[in-house]
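Asks: Let the sequences and hints guide you as you build the complete structure.
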Amino acid sequence: MDALLEQIKRAKGIMEEDQPEKMLSEKQLAIYQLFQTDTVSVSEISKLLKGSIPMATIKQALSRLVDLKLI
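Just so we're aligned, residue 1 is where the sequence shown starts under this note's numbering, counting upward by one.
Hint data in this document are derived by calculation from the structure and do not stem from the laboratory.
Where hints are given, some of them may not hold.
Claimed, not checked - Between beta-carbon pairs, the in silico distance windows are:
id: 1; residue 1: K9; residue 2: L29; range: 18 to 24 angstroms
id: 2; residue 1: E21; residue 2: E44; range: 27 to 33 angstroms
id: 3; residue 1: S43; residue 2: K9; range: 35 to 41 angstroms
id: 4; residue 1: L4; residue 2: K47; range: 35 to 41 angstroms
id: 5; residue 1: V40; residue 2: L4; range: 33 to 39 angstroms
As the list claims (entries may be wrong) - Below, simulated DMTMM-like cross-link-like pairs (lysine to aspartate or glutamate); rule was C-alpha separation at most 20 angstroms, straight line:
id: 6; residue 1: K59; residue 2: D38
id: 7; residue 1: K69; residue 2: D38
id: 8; residue 1: K27; residue 2: D38
id: 9; residue 1: K22; residue 2: E6
id: 10; residue 1: K27; residue 2: E6
id: 11; residue 1: K69; residue 2: E26
Every residue, glycine too, gets a C-beta built ideally from N, C-alpha and C.
Replies: Structure, rendered in structure tokens:
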């Protein structure tokens, strides 16, 4: 239980510091970084990542990035 409370505190701290990208998974971060320079579609993301992330995962990651207002 203490570990869970510590994780909650850390997550809250990250959000308060306005750095939500630190809460992203490795795959979400890879997709997020593609938007730093341009606008890309789901299929373009898949091509840029050489098919290393399934399309369904890309869509889920995009949804998370939108929820966090990163894109």
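Asks: Run through the hints listed earlier and report the numbers of any the structure violates, in increasing order.
Replies: Violated hints (numbers, rising): 2 and 10; every other hint is consistent with the structure.
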